[in-house]
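Just so you know, the sequences run in chain order A and B. For reference, each letter of the first sequence is one residue, going 12 to 835 in my numbering. For reference, each letter of the second sequence is one residue, going -18 to 94 in my numbering.
Hint data in this document are derived by calculation from the structure and do not stem from the laboratory. The model shown is predicted, which means the values in this text are computed figures rather than measured ones. Keep in mind that a hint or two might mislead.
[Said to hold, decoys possible] Distance ranges between label pairs, derived from CB positions: (1) ALA66/B x TYR176/A: 44 to 52 angstroms; (2) ALA66/B x ASP727/A: 43 to 51 angstroms; (3) LEU75/B x ALA461/A: 21 to 29 angstroms; (4) THR(-12)/B x LEU831/A: 36 to 44 angstroms; (5) THR(-12)/B x ARG601/A: 12 to 20 angstroms; (6) ALA18/B x ASP396/A: 50 to 58 angstroms; (7) ASP127/A x ALA66/B: 33 to 41 angstroms.
[Claimed, not checked] Chain B side only, calculated, beta carbon under 10 angstroms to chain A, not exhaustive: (8) GLU(-10); (9) ALA(-2); (10) HIS3; (11) ALA8; (12) TYR60.
Glycine residues also receive a C-beta, built at the ideal position from the N, C-alpha and C atoms.
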Amino acid sequence: MTIDDEPAVRACVTRATAGQKVSRGRGWPSAEHDALGILWRLRRLLPVGFYYKIFTRPHWLWPRIEPLIRSLTGLGKVSLTASPAPRDVISVHTGVLIVGGGVAGLSAANAAVHDDTAVFLVDEGRIGDKLSSPLARAACAELHAALRKSGSATILENAVAIGVYDGPLVPIDAQDRLYLVWPERVVIATGAVEHHEVFPNNDLPGVWLGRGAARLAAAHKVRPGKRAVVVGDSDETLEHIGVLEAAGVEVRAVVVSGASALPTDVRIVEGTVASAHGRSSLRGVTITSASGDRRTIPCDALVMSAGLSPRDALLRGLADPWLSAAGDVTMPGCTLDEAIESGRRAGVGFPASTSDGRPDAVARKTAAAGFVCLCEDVEIRDFTDAWTEGFRSTEILKRYTTSCMGPCQGALCHDHLVAFVEQNAPEAPAFAAPTTARPPARPLRVEDAAAGQRFDFAEHTELHSRHLSLGASMERLGTWIRPTSYGDSTKEYWAVRERVSVMDVGTLGKFFVGGPDALAFLECLYPCQVGDLTRGRSRYALLLNEAGYVIDDGLVSSCGNGTYYLTFTSGGASHTEAWIRNWIDELGLRVYVINETAARGAINVAGPLALDLLQHLCPDALETSGFPFMQMRDITVADVPCRALRLGFVGELSVELHHPSRRSTQLWDALLDAGKAHGLLPHGLDALRLLRLEKGHIIIGQDTDFDSAPRNLGLDFAVKLEKDWFVGRDAVLRNRATPIRQRLVSLSFEGPAPVEGSALFVDGAHVGHITSARTSPVLDHGIGLGWLRPTGDGFPTVVHCSEGERGVVVSGPFYDPRGLRVRA
Amino acid sequence: LALTDVTAELGELDATAIVVDHSSAFAAFTLTGDVLAAMSRLTLNDSALPGFAQGLVAGVAAKTIALPECVHLLVSSTYADSVRARILSVCADLDVEEGVTTARVPAESTAVT
């Protein structure tokens, strides 16, 4: 059924609530009057595996026919617009988890409580709801009351155990949330289900399993029919008859397989069900006696009570000492006293025994026709066809026919599958082994499996609220939320180029490194020289992997006394930390590393007036001669202690102020306040991307690929092969000995910049692509970076983009190629 | 002053040791009330036992100090907004209320009861 736009809901176990929108599956023109029901008459032409056999050739056919077939299946339609409901996870650590709130489960819970064990009990319905026998309901109510009175148990109703995993871990689907239960012990008390018999038309509405019919009549006060035929001769059959009659159902006959002394006034008929009759619902049932006589009894309900199969999907395949079982699941058909006693034993930790009372599958006979698996529409003839085709064991029959793979996961058909194989291959009992039951034991929504995962985590700098109050548009970059622009990125650009600007760069990876082997380690980590850095000097550094490819870049600065301050890209910080710590372990060096990414905020003050602005807020002298390019100093700005680094990523004089992050707002406010006199505007990522591109600086991940070596990027200056060893050195040497296959180049365009990502061509041949492109305000034409492959004449010097833009390969930065402005 | 003292004392034991003020790196949250129910919504860890633990809480790496009357959470300050939102969201059915910052926790902390 489709319930509230959710298709394929198991309506038989879903609680009805007010306002629910319930509809049947699809049909044409309607589910009630389905013209496509004609396909049922053509079923002989549609054997199991039909689609895979018929539509394999030609290859183009299946993709075209599949949507049509799926539209005819009668299943509901998945809404493409409905948003999945976010589900939360609750983690529960408990002493014992009991799955099943029947008599055995409640008995186990009470025993565990008396044993001072914390109890978590779950039931897929409401406690006691499934029981139709007055005696069982009374026992259940008594045990339930005792458990509630104890106050030591958590009882969760309408919750389904998905599976039992090692740990043990048992996920529980409680509709609106997923419980992850981590118990010390697990007790399975999931009961048993009555045998689903196979005979022609056994899928007609009106054919009931006894417990279902009795529950409907006793618990929900709904008559399953007016005139019923009951099949079975057990004590439970008698209980069902009593419940049905009490509900006003006329029980017309009881069908028993042999001579029976069933104490009932109802007419007893010896025989077995040969077939059911009816078109859209049950109209009668034909009984065949042992002598072959057939008689038809009119009825609108056929209630099957012909023995029990354990609901052991959570148990099968497990033999762990923390696992116990109780009640019908281990002893199908056990008495109330036996259920209580087995529950008591399981509750205090006696192991499971699934062999006790397990029905003998050999004794079951498969019929000639009828549905075996009602979930997957598998008939007995499908088994026969598959057997003929060579699928001759329970496991491969299951896979080929998909029996046991529906929502009930074999609860109804598994015994028939086993019996069919035993009957057809009595000489090979191994072929008839029970199939492996794997979680999930119950259907699980994808949104349930994703419970707890739909929360959007993001990192904010301490200045996040300041950006929002300035009206910044924000974007997600990795895990960070950063300002794209404060309204006009062109004005922000010119503020950097002509006056002064600030940018929040607190997202940069920041590490402090020390220890006796710090220098030795950094010489191994970086391809550049580190040992010659005097106190306060900084150097651009690449981070290479063992293959010699660039994985990150940043700065290494000497803090004196054998300590160093490292910076990395915003997106690379967490990976880089793991990389650094791994190499420290690998090399066996004594190095201390502190990740200061969160502890330190950073504000870049950039522009020709940057030092003037800072001087207003800093008591120390900041003239350029005493604070040159690529120098690091400890200064105080607006009473905030700062580690200041003279850099030039944006191509102008810049000072990055690294400071305790809890004082970021104090520093930011002071800079913006003092900067008013200098025409300061903060700039965001949009302006930054243009500024750095004019300078020809790469962004790792945007301009680089996973196999970008320093030589390909034009960054050989950052690799000192005269060093004895560093990570990636051998690969760099190998790389240099081979012809260069591609190169990142600077491209100048006569007009506006092409679209980033544009393909590059020479005489119509594809030679590369653009990684970054912008129209430069200061140059008044398009510029870009892009990867080029050599043609027969070497690397091309002129290329064309897919939209026709003509690009010329140029060398060096587009802006301030001699670096005079950053060194000013 | 504390940093200076620690640096001096540690320096006598290990001249190469690093001492830094890392307090800005963390945001602290204090959970009071039905702490076990709240923690069961925030972490897979068993929070019933008092003591110090590390692991994922509210989806981020966290240090927890469980006391009989409350649980202190320490998370990266960069995730403070996300963790606060997560606590208020998943504990909504517990009628969570955001309390005032107390002097017992660092200034950037949020107390949740």
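Going through the hints against the structure:
1. ALA66/B x TYR176/A: 44 to 52 angstroms: 30 angstroms, violated
2. ALA66/B x ASP727/A: 43 to 51 angstroms: 47 angstroms, holds
3. LEU75/B x ALA461/A: 21 to 29 angstroms: 23 angstroms, holds
4. THR(-12)/B x LEU831/A: 36 to 44 angstroms: 41 angstroms, holds
5. THR(-12)/B x ARG601/A: 12 to 20 angstroms: Holds, since THR(-12)/B and ARG601/A (Cβ atoms, about 19 angstroms apart) stay within the stated range.
6. ALA18/B x ASP396/A: 50 to 58 angstroms: 55 angstroms, holds
7. ASP127/A x ALA66/B: 33 to 41 angstroms: Because 39 angstroms falls inside the window, the suggested range holds.
8. GLU(-10): The hint is violated - GLU(-10)/B has no Cβ within 10 angstroms of chain A, the shortest such distance being about 17 angstroms.
9. ALA(-2): 7 angstroms, holds
10. HIS3: HIS3/B check passes; min Cβ-Cβ to chain A is 5 angstroms, inside 10 angstroms.
11. ALA8: Given a least distance of 9 angstroms, the restraint on ALA8/B holds.
12. TYR60: For TYR60/B, the interface hint holds, since the closest Cβ of chain A sits about 6 angstroms away, which is under 10 angstroms.
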